[in-house]
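Engineer: Chain residues, written in single-letter form:
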Amino acid sequence: MELLFALVIGALTASGVYLLLRARTFPVVMGLTLLSYGVNLFLFATGRLATGQQPVIGTAASYSDPLPQALVLTAIVIGFAMTAFLVVLALRNLADNENDHVDGQQENTPAASKQEQEVTSK
Amino acid sequence: MTHWLIAPILIPLLGGILQVFMGYAPIGLRRTLAITTTVLMLASAVVLLVLASDDSYRIYAFGNWQPPFGIVLVLDRLAALMLVLTAILGLFCHIYASGGADEGNRQFHTLFLFQLMGLNIAFLTGDLFNLFVAFEVLLIASYGLLMHGGGTTRTVPGLHYVVLNLVGSALFLIGVGMIYSATGTLNMADLAVKIPQVSGSNVNLVKAGGMMLLVVFGLKAAILPLCFWLPKAYAKATAPVAALFAVMTKVGIYAIIRVFPLIFGEGAGELANLGMDWLFPLALITLSMGVIGALGANNLKTLVAWQVIISVGTLLAPIALGSEAGLSAALFYLVSTTWTVAALFLVSELVASQRGLAADNIVPAPRMHHRTFLSVLFLIGAVAAGGLPPLSGFFGKLLILQSVEPGVEMAWLWSVLMVGSFFTLIAYSRAGSIVFWRNLDGHVESPAPLNNRVSISTGILTCMTMVIVVLAGPLSDYTRATAEQLHNNSGYINILQTPVHVPQNPIVGEKN
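Sequence lines, in order, name chains G and P.
For the first sequence, the numbering used here gives the first residue as 1, with consecutive numbering after it.
For the second sequence, the numbering used here gives the first residue as 1, with consecutive numbering after it.
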């Protein structure tokens, strides 16, 4: 189970970082989502992996560490809020610059739209 | 009395929640309530400063859950100093914002108060995971504030800022997870006890976790390889927001001061002084980079944004050396530079409002209205930021220079700081002389009027540098005591032994 878990975290993180480095807003959002899944699973594993044990003290002889589960829960909630904000911002970026590049413009944008951006920036 | 500890968090929280439901209330009412909240927050911070100045640690355990498992707030001199610093800055930025910058966004005051709440949680918390939560609270408010005021120029820097900080949060969680898996605790005082006992392969795990935390704090503080997002984002933000953000990089520095000497300090065995060898050269390069950026800036706000990076470099260099005198000097300079930089952001905005199309670009333009008032404010700000004698920036830098012991570090720090200050002065004189002296014929036709709130808040924030000079004695005594307290961390560890639970109800106590 440990190997499978490690592989999953590795795959999620690697795909996340790869997508993050694509200079387009949609892959960046997806990349951050995958990265946060990877991180959440990692955080989950910091309390050691165990099956069939409850994270409640006193219900069984041995129990699973409840603290990482609390941490993961917080991290998931925060991650949702952040991702939602990022999606809205990415849409705004698309609307403002008519382009989904993270820098707002591609290197070989037509000259006309570039001039337009300069005018708005002034 | 320990219940006072939660006041700086509760006050902006309640004020902010109130603002959420007041989106359609008259703007005057919203402003009055919001500023009342900020004033109350300042009052509570001052109370905590008085409480903390007796050198003891006070803790507040949420729901009476005992540390190390419950979340605790810890008040010491450093936390109290940062609270007062933020509260004063927040108050003046808020008054400035209520002069008109808060229009066009019904939730501006909500976001502003939540941002202050996030900052206060970060300063008070005694728990690494809660520090992460505080970072997220202040960041999500700052995302909203950064976007405030609209304009298409703000989306791209904002997007970069958000993405970078989300990656930073992911790294923070990984670092926290690594430290937790090796030590089984996240309470800072408990970590200070457990980290020296870490052995075997866990040492490397903790080391990696610690270095990751340093990277994350470095990203917040904008140390060199992680600083390029800052100038664009800060220069594009609305003035009061940019001014409030002046304290955001200081949160990164605060986290470094809080976490590293405590849990990776002298007593941490194999992990002693983790990362500090890296920090010193990086701080000096950051300083140089900031100066180069300031010289190349083509508008006032960008110039001030690079000043933020200069001050980060200046602050981290003495901190990385790990001496008590260095830490004390850095704290003195931190107070001074935060207010100065914030005041300069506000002044730049006022200048921009008087120059029509030229805005705050460093180009000749028609003569502006209120030229004397604005130029005096800019002069005071520039002298304080550059570090010329009569003002507080000079004393801060002098203390930093004095704190280094002779040796290689001294040679490096002295030369970089002196040459850096010289070129900073050149950058300010160039900007100031072009903006204020090189006038084209005529006046700008219809400049925005300066109202009282805007000019008074900018004036007072600028003059805080003189207040620091007048109070230099008490302030430096305070920072010296703070550095002493931070270096002697047995007191902090002792909070674990302090009984938190005081039976409130004697009848329940008897039954037990």
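To be clear, the hints were calculated from the coordinates, so they are not data collected in a lab.
Careful: at least some of the hints might be erroneous.
To be verified - Some chain G residues flagged as far from chain P (calculated, every beta-carbon gap over 12 Å):
(1) G31
(2) L71
(3) G79
(4) M82
(5) L86
(6) N93
What the hints assert, rightly or not - Straight-line distance between alpha carbons at most 20 Å, and here's what the computed DMTMM-like set of lysine to aspartate or glutamate pairs gives:
(7) K232/P - D65/G
(8) K194/P - E270/P
(9) K232/P - D96/G
(10) K194/P - D65/G
(11) K194/P - E266/P
(12) K207/P - E270/P
(13) K207/P - E266/P
(14) K207/P - D277/P
Claimed, not checked - Per the computed footprint, the stretches of chain P lying under chain G, defined by three or more beta-carbons under 8 Å from a beta-carbon of chain G, are:
(15) 153-161
(16) 333-343
(17) 381-387
Backbone N, C-alpha and C fix where the C-beta goes; we use that ideal spot for every residue, glycine too.
Engineer: Confirm or reject each hint.
Structural biologist: Status of the hints after comparison with the structure:
| no. | hint | verdict |
| --- | --- | --- |
| 1 | G31 | violated (9 Å) |
| 2 | L71 | violated (6 Å) |
| 3 | G79 | violated (8 Å) |
| 4 | M82 | violated (6 Å) |
| 5 | L86 | violated (6 Å) |
| 6 | N93 | violated (5 Å) |
| 7 | K232/P - D65/G | violated (44 Å) |
| 8 | K194/P - E270/P | holds (13 Å) |
| 9 | K232/P - D96/G | holds (17 Å) |
| 10 | K194/P - D65/G | holds (18 Å) |
| 11 | K194/P - E266/P | holds (14 Å) |
| 12 | K207/P - E270/P | holds (9 Å) |
| 13 | K207/P - E266/P | holds (15 Å) |
| 14 | K207/P - D277/P | holds (14 Å) |
| 15 | 153-161 | holds (count 6) |
| 16 | 333-343 | violated (count 0) |
| 17 | 381-387 | violated (count 0) |
Hint violations for this structure: numbers 1, 2, 3, 4, 5, 6, 7, 16, 17, all remaining hints satisfied.
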